[in-house]
Amino acid sequence: MTQLALVIDLNVCVGCHACVTSCKQWNTSGPAGYMSDDNPYDKDPTGTFFNRVQSFEVGEYPHTETVHFPKSCLHCEDPPCVPVCPTGASYKRPQDGIVLVDYDKCIGCKYCSWACPYGVREVDEHLKVMKKCTLCVDRIYDTALPEAERKPACVMACPTSARLFGDVHDPDSEVSVAIRENGGYQLMPEWGTKPANHYLPRRKTRIQIHDDELLRADNPLKKEGRKPRVVIDEHTLDDVTSW
Amino acid sequence: MHPAFSVIFLTTLSGVGQGLFLALFTGQSYAALGLVRVNDSPTFYTVGSFIALLFLGAGLAASFFHLGRPERGWRAASQWRTSWLSREVIVLPAFMAVVFVFGLLHYMGWDPNIIGADNPLQGQLSLFVGMLGALICLALFVCTGMIYACIRFLQEWHSSLTVVNYLLLGTASGFTLATAYAALYAPNLLTLFGVWAAIITFAGLISRSASLIRNARIKYKSTLQTAIGVRHATIAQSSQGLMGGSFNTREFFHGASQLMFKSIKWIFLVLVFPVPLALLWAGMNLHAPALLLAAFVVQYLGLIAERWFFFAQANHPQNLYYQTI
Amino acid sequence: MSSANPLHDPIHATTSGRVETKNTTCYMCACRCGIRVTLRDGEVRYIQGNPDHPLNKGVICAKGASGIMKQYSPARLTKPLMRKPNAARGDNEFVEISWDEAFAVLEERLANIRATEPRKFALFTGRDQMQALTGLFAKQFGTPNYAAHGGFCSVNMAAGMIYTIGGSFWEFGGPDLDRAKLFVMIGTAEDHHSNPLKMAISKFKRQGGKFISVNPVRTGYSAIADEWIPIKPGTDGALFLALIHEIIDTGLYDREFLVRYTNAAELLNMNEADHEFGMFVRAEVPEEEGCFDPQNKLWWDRNSDRPVVANRSAELDPYLLGEYTLDDQTKVKPSFQLLLERVAQYTPEWAENITGIPAATIRRLAHEMGITARDEKIELPIAWTDVWGREHETVTGNPVAFHAMRGLAAHSNGFHTIRAMSILMSLLGTIDRPGGFRHKAPFPRPIPPCAKTPNDPRAVKPNTPLDGMPLGWPADPDDLFVDDQGGPVRIDKAFSWEYPLSVHGMMHNVITNAWRGDPYKIDTLLIFMANMAWNSTMNTVEVRNMLNDRDEHGDYKIPFLVVCDAFQSEMVAYADLVLPDTTYLERHDVMSMLDRPISEFEGPVDSVRIPVVPPTGECKPFQEVLIELGSRLKLPAFTSKDGSRKFRDYPDFVVNYETEPGSGIGFLAGWRGRGGEKFMKGEPNPNQWEMYEKNNCVFQYELPRSFQYMRNWNQGYLQWAQQHRLTRYAEPINIHIYSEVLQKFRMSAQGKHDGKQPPEHLRERIETFFDPLPFYFEPLEAQLTDKQRYPLNAITQRPMAMYHSWDSQNAWLRQIHAHNYLHVNPKTAAAAGIEDGDWMWVESQWGKVRCMARHSQAVEPGTVWTWNAIGKAAGAWNLAPRANESQYGFLLNHVISDELPPRNNGEHLSNSDPVTGQAGWYDVRVRIYKADADDSHFTLPQFDPIEPVPGERKRPKWLAWFAGKR
Ligand SMILES: Nc1nc2c(c(=O)[nH]1)N[C@H]1C(S)=C(S)[C@@H](COP(=O)(O)OP(=O)(O)OC[C@H]3O[C@@H](n4cnc5c(=O)[nH]c(N)nc54)[C@H](O)[C@@H]3O)O[C@H]1N2
Ligand SMILES: Nc1nc2c(c(=O)[nH]1)N[C@H]1C(S)=C(S)[C@@H](COP(=O)(O)OP(=O)(O)OC[C@H]3O[C@@H](n4cnc5c(=O)[nH]c(N)nc54)[C@H](O)[C@@H]3O)O[C@H]1N2
Ligand code: SF4
Ligand code: SF4
Ligand code: SF4
Ligand code: SF4
Ligand code: SF4
Ligand SMILES: [Mo]
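Residue numbers (this note's numbering), protein chains in the order written: chain A, 1 to 243; chain B, 1001 to 1325; chain C, 2001 to 2966.
Check before you lean on any hint, since a few could be wrong.
Each computed DSSO-like pair below joins lysine-lysine, with the alpha-carbon atoms no more than 27 Å apart [to be verified]: (1) A:Lys110 to C:Lys2756; (2) C:Lys2521 to C:Lys2452; (3) B:Lys1265 to A:Lys110; (4) A:Lys128 to C:Lys2965; (5) A:Lys43 to C:Lys2930; (6) C:Lys2521 to A:Lys223; (7) A:Lys110 to A:Lys128; (8) B:Lys1221 to A:Lys194; (9) C:Lys2954 to C:Lys2084; (10) B:Lys1262 to B:Lys1221; (11) B:Lys1262 to A:Lys92; (12) C:Lys2452 to A:Lys151; (13) A:Lys43 to C:Lys2848; (14) C:Lys2331 to A:Lys222; (15) C:Lys2756 to C:Lys2452; (16) C:Lys2461 to C:Lys2634; (17) C:Lys2954 to A:Lys43; (18) C:Lys2331 to A:Lys223; (19) C:Lys2557 to C:Lys2139; (20) C:Lys2957 to A:Lys128; (21) C:Lys2232 to A:Lys204; (22) A:Lys151 to C:Lys2954; (23) A:Lys151 to C:Lys2634; (24) C:Lys2694 to C:Lys2057; (25) B:Lys1221 to A:Lys110.
Covered by chain B, per the in silico footprint, the following chain C stretches (three or more residues, Cβ under 8 Å) [to be verified]: (26) 2202 to 2209; (27) 2814 to 2826.
Just so you know, these hints were derived from the structure itself, not from any lab.
Glycine included, C-beta positions come from ideal geometry on N, C-alpha and C.
In isolation and in its complexed conformation, chain A is listed as follows (with noise of 0.2 Å):
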């Protein structure tokens, strides 16, 4: 069975929102119709999107790490916020595991979104019904589109890459090889909602410097005749040995 799904590398996400743009942009034009705004050029614009990024500090200065978190619906393998749906409009797609909202049938009762602990869903405010990130399964699976182009919006904007998208449930696909190989982590694992979606944590690098690496024999101060200097009129084995 396929479980499609996003794959986020918080190790190289800067937070640039090209992802959350893209998607807007990808999706207000899609075939399920528009996202709407409001207030767009007044107080508290405010408006339908799929993905956000957020930002979140860890830790206290100076030993903070800025952590850029982005965030859609994230295709759980055992989504509560289907069965609470009164109308079938939320469903999950068995082929690919893709959850979806079918925009016909949605009475925008917010159930769902009620049902999920994620807080990914989004009620359009003109079009009343309930939206969420569809996976672009508009995109993926459309001949018309070339076949390097057969991604998530947000997944060929991201600068940085850091968002992976392929077949978590096949052990050889990019995003598993990246799950296992890089502590791959499911959101809120606490609610049992198998989230498809998985972060993968900051990794560091550091160099590791031994101190005869800073004098070696062909340390280019030799050449100035500046040897590193010994201090001659400090206590010595000389002054207290008498073999």
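Since chain A is already given, all that's left is putting chains B and C with the ligands on it; use the hints.
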């Protein structure tokens, strides 16, 4: 959660309707069993059912305001296998239909004995329909309660107390209304309703207090650490990626001040329980229907506050992601 | 209101409409990524990165992906406008006029100025990329008063590096993260190479390199650094000097590189009494004429223990250190010895006190840099020949890469800081080598590059093109553009004794100087693509008053103000005449080799924009405006012999214009020659645009591998560059560890120079700051501030999702940054009693701003910061007057001054680097305190809300963008 008035009214109004129906049915049952003096006015039950229907209908109407696409509301009946909301959508109209039939039977005075004429129970058909109604009514309470109780990560709601509260508070408000109603049109039922109203209100006080105590002690399973998967004691959000608000900030936050939040709790605790109890007591003792009506109105207003608080108190784990603009 | 075609399963969905895709170049920022635009029924449906573009290889950023909201923004200007006769500047009240009228007004006014006093016309341009054309226009017009935004942007970066290594970060070079093992990023938030840098950092990290960020603030790229080194603003010079100290002290420098490729071993005259003191000693070889370093300096050879001509082709082995005496008794020292002496005082312990970085950390950094450079050497099997004829079998690299931007540049001590950094990079041997810094064509250039401004006010003559370039690279005091008294010729005082190496001009001085009439009054100021009434000006409130100020006759002090903008910015409100520009999706543009191309390390790249949608309303590309004006004014470059118009339009100009008749050099380097068979140089090709169009709008030439490295000294490359007219000389470009150019200025201040001398009152300033070796001094403003009272540094950052002031009219982007906060370390905030979210004041000696506080652990406690240019004036950009931007958002510029406190003699000095004139944006010192509880909750200062102008679309209450027919 953001308390939506559509849902507040849906649940409280329908609760009144349900409770009122249960009261009528109780009245009729007691009468049939001869525990109270028979009330021979079919109008009482007819009008009572009609009032219950009015409340239920108002609740139903309120629910439509909750829908983005009310014209497609009918679709909501399709997922009864998995969705408590869908079940409620089926059960509420079914219940209304039964109440309607119940009222109609009384109105037409058509109440054949179906178990047998020699049975001491009179008017068996309406009793039977009433029994059915009572069952569906309980089912409706369960559905309504379960809509909230089944969401496991809304920990304030995820408890059988939620269902019990819906049941008791709805029933209490219905009985209180029934008491006032009886004081005007069926004095013989006054004490029955009044006493039950008091008992149920009191039970409601116990169960609601239990849930308040429980909720005050909740240890939340989700934390910022599990939300973003970073295990560090100090994490603070510095931006949620949007500044003018979003569905996620509007739907899941009550937005009220801490003071208002606390006040509303005390308001409902006062308005739903002690004041109606006192008014019931006074109204019954003084035979003052106005006081009884006041008991209902106060209790109902209290329930609006209670329901507001019920929603506002629920802390959705999604809020962890929406802490800082 | 229902969705277009709501469908159950989007896979089976069909959306109708005529779909086309077109390639062009993004201009949501100056990075200039290739984009592919999908149109549906003629409306923009999707903008994606062009996968076939060398710069961004298919990726895009938040801004680029929001181009739709820019294109269809209600803030767009669509008609030429003239200020209403009775309205004051700033009122934003205009009447529509026709282009004919607009041209007539401009033609009459400009023709008159040109015929009388051309310097009274000033043309200054902001974040544009068409300096090739605007510069040409100014030169042809004959005014010296032209510059783009570089002077207030990052000229320190350009000058500091170019005067040291012949190339620079910014658009001219960068870190080779493909091969680097250690990457040190200093004072960079977002930068121009926006997407490519993100791509490169991510690849670098995934390859396991170590990424260090030196920055008072940890946002954006710094967030993913392996190590964050918080530093006190303005103190990086101290850090670099201490690193240099430690690297020399431990012998971690690349001796071979210093000897061969820099002037480190070259001998300096140390006889203080000597006229030549501090200059390199030269052999008797006659000095060649030309703008390059003659190879006639001396080394002290180890083998012969004698001075020898520093001949890099011979097997000589000079000393880097020591003191020697020439036969004529001249005492000499290699310049490296002077560097060593200079940094002796700059110990890590000394730097710790200044920078706030522990000495041990500084030492460790030096060791990490030095050891990585030395022990992780890269050897590429690429044979190349150096300019002295030595053959090398391999190209070697020391994989330590640096990148820095305005965190260094935007301080008044930035020039020396950046020289110190360049020297550090050179000590590590990382210049134009794999894994280090690498140049991008047309760099490297001679130190300094050849272009010069005139050096005499008589170069400005009526009805005559300027005799020289409006901007250039002074090599010695005689190159300054000053009058006989040593006074400035330019309105911005660039290239004067006040800021001698202000190679990008000083746009930030223009309004103040023009208003004051210092050095003279001007008539017409034409501002293109710069928001000088708001975010690109310091001291914003006063500048707005100056723009609106009148003299005793009631005439405006700046008589005529023309603004060419695409949106209703704060600046537009002050215009007398508004010229509505097109957007980047509506016009032809070139990213020219004559300006700032988008070259890659591997070779030159330039690119174009080709319209994907027609102009909106009556918008006209500014390029067309200039061509039209140039033709009307009969400027020689735009006019045929018979006086008729030479170019039909801008595309025609781009194809046919040559820098000199028959030079074969034009705006575009690709597909030159009749049939497009040549590049860089060749006759005009009538089909050049089509060829660019077929090629993703980009021309890329990949140099042979052996020409891709060591280009300062790479014979093959230098000859190639010479043949292709990138440079005039194929001479080596040795690194200036010691800057003789600076020493020449110092000598003139000491009266030891025969030519131009600084006016008395500036002698000391020149002598101090034209130190041939880098030194540390506290930023000028801080020196003049009561730091007890104003203990904190205030700085800004670029947000990745916003470009300067442009994007508040962008409905999607403004949701991400609707307003800004002042970010304060919780400890600092607690000391001031300021809670997270509180209203507070940030106050400098210049003014104060009320804003909201945001606690942040990611900022050094002595620093407060905010996002740049998010705050807006009420009603500007066609935003509702109550919009977040103007009510909660604030502009830090109100507390930054464009001038230092006046001197005793009443003289005004710009708040700028004394060497380059770079604006000292990040020098301001502030204090913070809580706002009174009863204060209303909106930002201050506030400005009277302005109304939209004629031609702007009404702003909709809500949006449902859906491209094409429903
Ligand atoms: N998205 C986006 N991209 C842009 C722009 C934009 O507006 N938006 N603007 C473009 C323009 S015009 C320019 S000039 C470039 C500028 O690109 P950057 O130089 O990256 O831009 P700044 O935001 O000025 O970043 C300066 C950084 O230096 C830090 N800093 C300040 N003072 C010091 C200091 O003394 N020492 C150190 N080490 N760090 C310091 C600040 O904290 C900040 O992180 O960006 C370009 N790219
Ligand atoms: N406090 C503080 N201030 C700063 C800085 C800082 O770091 N801190 N950074 C400084 C720097 S480095 C820079 S470069 C400046 C940038 O400052 P500017 O160049 O003045 O500012 P921009 O906001 O880029 O606005 C330029 C104008 O260009 C207009 N525009 C956009 N697109 C087009 C177009 O296609 N055609 C035309 N004609 N106009 C267009 C916009 O509407 C806007 O009015 O800001 C400087 N100001
Ligand atoms: S993330 Fe939320 S909306 Fe998406 S599948 Fe899981 S529960 Fe459903
Ligand atoms: S909002 Fe739509 S998708 Fe969500 S539960 Fe209701 S009907 Fe289902
Ligand atoms: S997969 Fe598609 S819909 Fe989902 S966040 Fe990415 S771009 Fe948006
Ligand atoms: S586009 Fe990539 S780097 Fe940018 S915020 Fe999204 S995931 Fe992070
Ligand atoms: S980095 Fe600049 S040029 Fe590139 S896509 Fe983003 S806005 Fe456009
Ligand atoms: Mo800039």
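Evaluated hints:
This hinted pair does not check out: lysine 110 (chain A) and lysine 2756 (chain C) have alpha carbons roughly 78 Å apart, beyond 27 Å. In summary, the hint linking lysine 2521 (chain C) to lysine 2452 (chain C) is supported, as the alpha carbons are separated by about 25 Å, within the 27 Å threshold. Using a Cα cut-off of 27 Å, the hinted pair lysine 1265 (chain B) and lysine 110 (chain A) holds, with the two alpha carbons roughly 26 Å apart. Between lysine 128 (chain A) and lysine 2965 (chain C), the direct Cα distance comes to roughly 21 Å. Compliance with the 27 Å bound is thereby established for this hinted pair.
Distance hint between lysine 43 (chain A) and lysine 2930 (chain C) is fulfilled; the C-alpha atoms sit about 25 Å from each other, no more than 27 Å. Restraint check for lysine 2521 (chain C) and lysine 223 (chain A): the C-alpha separation of about 61 Å exceeds 27 Å, so the hint is violated. Taking the CA atoms of lysine 110 (chain A) and lysine 128 (chain A), the gap is near 10 Å; set against the 27 Å cutoff, the hint holds. Simply put, lysine 1221 (chain B) and lysine 194 (chain A) have alpha-carbon atoms about 16 Å apart, close enough for the 27 Å limit, and the pair holds.
With a C-alpha separation of about 21 Å, the suggested pair lysine 2954 (chain C) and lysine 2084 (chain C) falls inside the 27 Å cut-off, and the hint holds. Between the alpha carbons of lysine 1262 (chain B) and lysine 1221 (chain B) the distance comes to roughly 24 Å, so the proposed pair stays at or under 27 Å and holds. Simply put, lysine 1262 (chain B) and lysine 92 (chain A) have alpha-carbon atoms about 41 Å apart, too far for the 27 Å limit, and the pair is violated. Of the supplied pair hints, the one linking lysine 2452 (chain C) and lysine 151 (chain A) is violated, its CA atoms being roughly 51 Å apart against a limit of 27 Å.
As the CA atoms of lysine 43 (chain A) and lysine 2848 (chain C) are separated by approximately 24 Å, the hinted pair is consistent with the 27 Å bound. Taking the CA atoms of lysine 2331 (chain C) and lysine 222 (chain A), the gap is about 23 Å. The hint holds against a cut of 27 Å. Between lysine 2756 (chain C) and lysine 2452 (chain C), the direct Cα distance comes to roughly 16 Å. Compliance with the 27 Å bound is thereby established for this hinted pair. Distance restraint check for lysine 2461 (chain C) and lysine 2634 (chain C): the Cα-Cα separation of roughly 15 Å lies within the 27 Å cut-off, and the hinted pair is therefore satisfied.
Between lysine 2954 (chain C) and lysine 43 (chain A) the alpha-carbon distance is near 16 Å, which keeps this suggested pair within the 27 Å criterion. For the suggested pair lysine 2331 (chain C) and lysine 223 (chain A), the alpha carbons sit about 21 Å apart, so the restraint of at most 27 Å is met. Proximity of lysine 2557 (chain C) to lysine 2139 (chain C) is assessed by CA-CA distance (about 25 Å); at most 27 Å being required, the pair is judged to hold. A hinted pair counts as satisfied when its Cα atoms are at most 27 Å apart, and lysine 2957 (chain C) with lysine 128 (chain A) qualifies at roughly 17 Å.
For the proposed pair lysine 2232 (chain C) and lysine 204 (chain A), the alpha carbon gap of about 24 Å is at most 27 Å, so the pair holds. This hinted pair does not check out: lysine 151 (chain A) and lysine 2954 (chain C) have alpha carbons roughly 37 Å apart, beyond 27 Å. Taking the CA atoms of lysine 151 (chain A) and lysine 2634 (chain C), the gap is near 54 Å; set against the 27 Å cutoff, the hint is violated. Between lysine 2694 (chain C) and lysine 2057 (chain C), the direct Cα distance comes to roughly 17 Å. Compliance with the 27 Å bound is thereby established for this hinted pair.
This hinted pair checks out: lysine 1221 (chain B) and lysine 110 (chain A) have alpha carbons roughly 23 Å apart, not beyond 27 Å. By the rule of at least three residues with a Cβ nearer than 8 Å to a Cβ of chain B, the coverage given for the segment 2202 to 2209 of chain C is violated, with 0 such residues. Coverage of a stretch by a chain is defined here by at least three residues with a beta carbon nearer than 8 Å to that chain's beta carbons; for the segment 2814 to 2826 of chain C and chain B the count is 5, and the condition holds.
Hint compliance for this structure: hints 1, 6, 11, 12, 22, 23 and 26 are broken, all remaining hints hold.
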